[in-house]
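Under this note's numbering, read the sequence shown as residues -17 to 178, first letter to last.
One or more of the hints may lead you astray.
Straight-line C-alpha distance at most 20 Å; calculated EDC-like pairs for lysine to aspartate or glutamate [unchecked claim]:
no.	residue 1	residue 2
1	Lys116	Asp127
2	Lys2	Glu135
3	Lys28	Glu135
4	Lys116	Glu135
Pair ranges (Cβ atoms, derived) [as the list claims (entries may be wrong)]:
no.	residue 1	residue 2	range
5	Leu11	Arg162	13 to 23 Å
6	Arg9	Trp104	21 to 31 Å
7	Met59	Val149	16 to 26 Å
If you are wondering where the hints come from, they were derived from the structure by calculation, not from laboratory data. Backbone N, C-alpha and C define an ideal beta-carbon position, used for all residues, glycine too.
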Amino acid sequence: MIESSNGKLSSLGRPIWLQKVISFYSRKLHFIVIPIGIIVAAIHLKFAIQYFDQCPIQPMIPIYMIVHAAIHLTLMMVGICGIINVRCNFPRDTQQSSPIGVAILVIILVSVLIMSLFSFAWLITGSVWVFGAKADGVQGDNPNDTNTYCQSELFRAAFVLLIVNYVLHVVIISLIIMRRFCCKQRASNSPDAFNM
């Protein structure tokens, strides 16, 4: 690792944060995650649009699903932009960095952060609507009882979406914490840590 007046640089002469972002968008895992994300968002859009006016107990449930799917489709598109940017502006194993490429990466990072925060807030809002309808005794058998009716496939899809999202948030946060903890453990056990 190289030390500079501005902070630490990677072995390629780039700032560490930039090298981490480049490494993230260089992973092949995106070629699995992005298509799955697009498919899941499309499925939720299908249910929300198909049964849009069929949930009088809580008419915001289809809107929740549409906005949620739109956010995640946008996140997938931004992810694709990040991959293209890294592949075009940051050649592998070279020190070459495009200032425009760095600016694009910063814009992508800020966009992802803002959309992720909104997505989490929207998840909580959707939870209030979906779990509120469940607490009010939602049913999908009698469309004439508008006080408790919500089309069963729509409600089931919204409910599953919430549960899967909460599980994914817990898994992702756990992985981040574990990685941070493991990295700090490795750093404290390295010979350089004792030479300070």
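Quick rundown of the hints versus the structure:
| no. | hint | in the structure |
| --- | --- | --- |
| 1 | Lys116 to Asp127 | holds (15 Å) |
| 2 | Lys2 to Glu135 | violated (42 Å) |
| 3 | Lys28 to Glu135 | holds (11 Å) |
| 4 | Lys116 to Glu135 | holds (14 Å) |
| 5 | Leu11 to Arg162: 13 to 23 Å | holds (19 Å) |
| 6 | Arg9 to Trp104: 21 to 31 Å | holds (26 Å) |
| 7 | Met59 to Val149: 16 to 26 Å | holds (24 Å) |
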